[in-house]
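Chains as they are written, first to last, in this note's numbering: chain A, 1 to 366; chain B, 1 to 366.
Hints are computed from structural coordinates only; laboratory data are not their basis.
Keep in mind that this is a model prediction, so the values were computed, not measured.
Treat each hint with caution, since some may be false.
[To be verified] Derived SDA-like pairs (lysine to any residue); straight-line CA-CA distance at most 25 Å: (1) B:Lys-107 to A:Glu-18; (2) A:Lys-13 to B:Val-363; (3) B:Lys-291 to B:Glu-306.
Chain by chain, the residues run as shown.
There are 2 protein chains.
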Amino acid sequence: MTTSAHPFFRPEKRPHIEGDFKREEVALANRNSGLPLEALRYDLTPAGLHYLLIHFDIPYVTSAANWRVKVGGRVRVPLEVSLAEIRQLPQKTVRVTLECAGNGRAKLTPRWQSQPWEHGAVSTAEWTGAPLHYLLDRAGLAPDAVEVAFFGADRGFDAGIEHDYGRSLTVDVAMSDDVILAHTMNGEPLLPQHGFPLRLVVPGWYGMASVKWLNRIEVLDRPFDGYQQVGTYVYRQYSGDPGTPVTHIRVKSLMVPPGIPDWYTRRRLVDRGPVELFGRAWSGGGVQVAKVEVGIDGEWQEATLEPVSGRYAWRGWRFTWDAQPGEHELVCRATDENGNVQPLDPVWDSGGFGNNAVQRVLVTVR
Amino acid sequence: MTTSAHPFFRPEKRPHIEGDFKREEVALANRNSGLPLEALRYDLTPAGLHYLLIHFDIPYVTSAANWRVKVGGRVRVPLEVSLAEIRQLPQKTVRVTLECAGNGRAKLTPRWQSQPWEHGAVSTAEWTGAPLHYLLDRAGLAPDAVEVAFFGADRGFDAGIEHDYGRSLTVDVAMSDDVILAHTMNGEPLLPQHGFPLRLVVPGWYGMASVKWLNRIEVLDRPFDGYQQVGTYVYRQYSGDPGTPVTHIRVKSLMVPPGIPDWYTRRRLVDRGPVELFGRAWSGGGVQVAKVEVGIDGEWQEATLEPVSGRYAWRGWRFTWDAQPGEHELVCRATDENGNVQPLDPVWDSGGFGNNAVQRVLVTVR
Numbered sequence: 001m002t003t004s005a006h007p008f009f010r011p012e013k014r015p016h017i018e019g020d021f022k023r024e025e026v027a028l029a030n031r032n033s034g035l036p037l038e039a040l041r042y043d044l045t046p047a048g049l050h051y052l053l054i055h056f057d058i059p060y061v062t063s064a065a066n067w068r069v070k071v072g073g074r075v076r077v078p079l080e081v082s083l084a085e086i087r088q089l090p091q092k093t094v095r096v097t098l099e100c101a102g103n104g105r106a107k108l109t110p111r112w113q114s115q116p117w118e119h120g121a122v123s124t125a126e127w128t129g130a131p132l133h134y135l136l137d138r139a140g141l142a143p144d145a146v147e148v149a150f151f152g153a154d155r156g157f158d159a160g161i162e163h164d165y166g167r168s169l170t171v172d173v174a175m176s177d178d179v180i181l182a183h184t185m186n187g188e189p190l191l192p193q194h195g196f197p198l199r200l201v202v203p204g205w206y207g208m209a210s211v212k213w214l215n216r217i218e219v220l221d222r223p224f225d226g227y228q229q230v231g232t233y234v235y236r237q238y239s240g241d242p243g244t245p246v247t248h249i250r251v252k253s254l255m256v257p258p259g260i261p262d263w264y265t266r267r268r269l270v271d272r273g274p275v276e277l278f279g280r281a282w283s284g285g286g287v288q289v290a291k292v293e294v295g296i297d298g299e300w301q302e303a304t305l306e307p308v309s310g311r312y313a314w315r316g317w318r319f320t321w322d323a324q325p326g327e328h329e330l331v332c333r334a335t336d337e338n339g340n341v342q343p344l345d346p347v348w349d350s351g352g353f354g355n356n357a358v359q360r361v362l363v364t365v366r
Numbered sequence: 001m002t003t004s005a006h007p008f009f010r011p012e013k014r015p016h017i018e019g020d021f022k023r024e025e026v027a028l029a030n031r032n033s034g035l036p037l038e039a040l041r042y043d044l045t046p047a048g049l050h051y052l053l054i055h056f057d058i059p060y061v062t063s064a065a066n067w068r069v070k071v072g073g074r075v076r077v078p079l080e081v082s083l084a085e086i087r088q089l090p091q092k093t094v095r096v097t098l099e100c101a102g103n104g105r106a107k108l109t110p111r112w113q114s115q116p117w118e119h120g121a122v123s124t125a126e127w128t129g130a131p132l133h134y135l136l137d138r139a140g141l142a143p144d145a146v147e148v149a150f151f152g153a154d155r156g157f158d159a160g161i162e163h164d165y166g167r168s169l170t171v172d173v174a175m176s177d178d179v180i181l182a183h184t185m186n187g188e189p190l191l192p193q194h195g196f197p198l199r200l201v202v203p204g205w206y207g208m209a210s211v212k213w214l215n216r217i218e219v220l221d222r223p224f225d226g227y228q229q230v231g232t233y234v235y236r237q238y239s240g241d242p243g244t245p246v247t248h249i250r251v252k253s254l255m256v257p258p259g260i261p262d263w264y265t266r267r268r269l270v271d272r273g274p275v276e277l278f279g280r281a282w283s284g285g286g287v288q289v290a291k292v293e294v295g296i297d298g299e300w301q302e303a304t305l306e307p308v309s310g311r312y313a314w315r316g317w318r319f320t321w322d323a324q325p326g327e328h329e330l331v332c333r334a335t336d337e338n339g340n341v342q343p344l345d346p347v348w349d350s351g352g353f354g355n356n357a358v359q360r361v362l363v364t365v366r
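Isolated chain A (complex conformation) (with noise of 0.2 Å):
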């Protein structure tokens, strides 16, 4: 890694750890937000209720007027762009899910003290900015350029190696037509959490590509070698497993919890009768999901699927449940178009990422 070791530097990693969750855990649950799951009503998640997954700390940023992006490593011309240069280029919107590569970590056992995910780090909205591809060709990529890597202003230490926030493509994925430079999110200047004044969005994958604050882009002759990329966000089986890099999401789905909660445990109460179970299904790299099914105690049937409302957003779906008194388990899964299926327990990752395993409501109906 191209990073400095910092003075905290220890060799030894955090444990795996089973049972109750540590106050660092519980720290960064506090700082970063999860969706409410009775948002998933939302098309479009409201301001203020998307997911948050922030590494470091919110750059404080008071006006986009002076952002700079810098282009720099193996291009033909180095530039240094403003945002109202970016704006000038061809614009376009996308409506994108994203999903933080951890979502699920903590229901796993053991399991890697970081953001103990259960369910909520998934939402979906519409950025719009310049396909990153106009800028790439204003530079002009030399005929070595292999990787693009993009940093933030956010900075600060993991594992001992003090970074800015960095994150890389390979070129054909950077110069395809969704990547996009977004600084407007749901028809409005980015909020600060979620990178204002500019911010990379890489549709179809985990939300660890999608970098904020961005404003630094280096293209490099050989891959990128940053603690974000090599350092975590791989799937590993077992420490020094070299691993697999998580790219896209993986197909999930999820269902508003019906009837009402306790406030402490989040069991639900519904009353019996008919009632309209709604969620969302969703799939990485522009996969559509083709199949919801719906599991009453353990008996499968398929839920009604809305329209697709986009390439790269989540998918909603409906299925009546005839409530009858008692104690029951509700859980959904999705397939994709690829044939992918939600497993209904978690697979294990030495990191937490990429759990898709089935949510599972219990339920008690009067």
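On the provided structure of chain A, position chain B as indicated by the hints.
Chain B alone, transformed into the frame defined by chain A:
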């Protein structure tokens, strides 16, 4: 209490605990949102960074047009008013620092199992709406009116008791000029999670008094005995203690942690030399902050206060620290005009309410 017992009712209370955190506490921390402390920089907390404490589910309200508020009980003329009618009453805008009464709960030992806040459940917004007394004047209070109770559209259960979220104020407080029926937050319609389309805002009180999704007002000839009024939000030293109701916010201050963080531990790294420390301080009941002191490794010095920006709003403070290499503990404490001072250590409360003990920021300077 006027609420009905729930089928899940169990007489035993959740025990107080120490050390690691339960899965239920973590799930609450994921649902609810704290202010990331670096966002103390903003005079007005941006949309989506304002803290959230939501007892039950966010009601799914798609249009304000049909929203009605009923005013009943001990009034001369029961009313049912629309939002349009509330907008026709005289309007005012109040800048209000709201804080959750449970802020700091996670710092108590042992602690009550509930939302495990460290410091972040405080934020500031400008709320616009009609002072409540105009509506109460129109309905006309009966001579025996003692309290006014407010109910939201959010329903659930707590301690086995099913209820709409409800809180009350004495007639005197309800008739004061600063208690408003708010439909606008920072110049925009309320966001769903902040009570769209209407909430009560009670400046100077902890947040539990500011009932969201307000749809019913009941004037009472006796003190309100709903769960959220007498079953919780009461300072108690032991189980069964009749206790003292939680009302006004206690004096408090916070600091933006300087330097850069470690992802997991949130430990801070600062470069040597002059460091501009910045934070906010506030008190409740319309009482102003008179002084903020900064303690560096136990030595106290007075910070510079920014101008007052509103009777009910927090106040900025700043202090230049000459940071020298090594490990340091930074603390701030506020004193209000009534001479109340933040304690250095948490004061025990059974429900974890009103903890205004100082924040301690550990910093490594290089």
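Results of checking the hints against the structure:
1. At most 25 Å may separate the alpha-carbon atoms for a hinted pair to count; B:Lys-107 and A:Glu-18 meet this at roughly 23 Å.
2. As the CA atoms of A:Lys-13 and B:Val-363 are separated by approximately 22 Å, the hinted pair is consistent with the 25 Å bound.
3. A distance of roughly 11 Å separates the Cα atoms of B:Lys-291 and B:Glu-306; the hinted pair therefore holds under the 25 Å criterion.
Against the hints set out earlier in the document, no violation occurs for any number.
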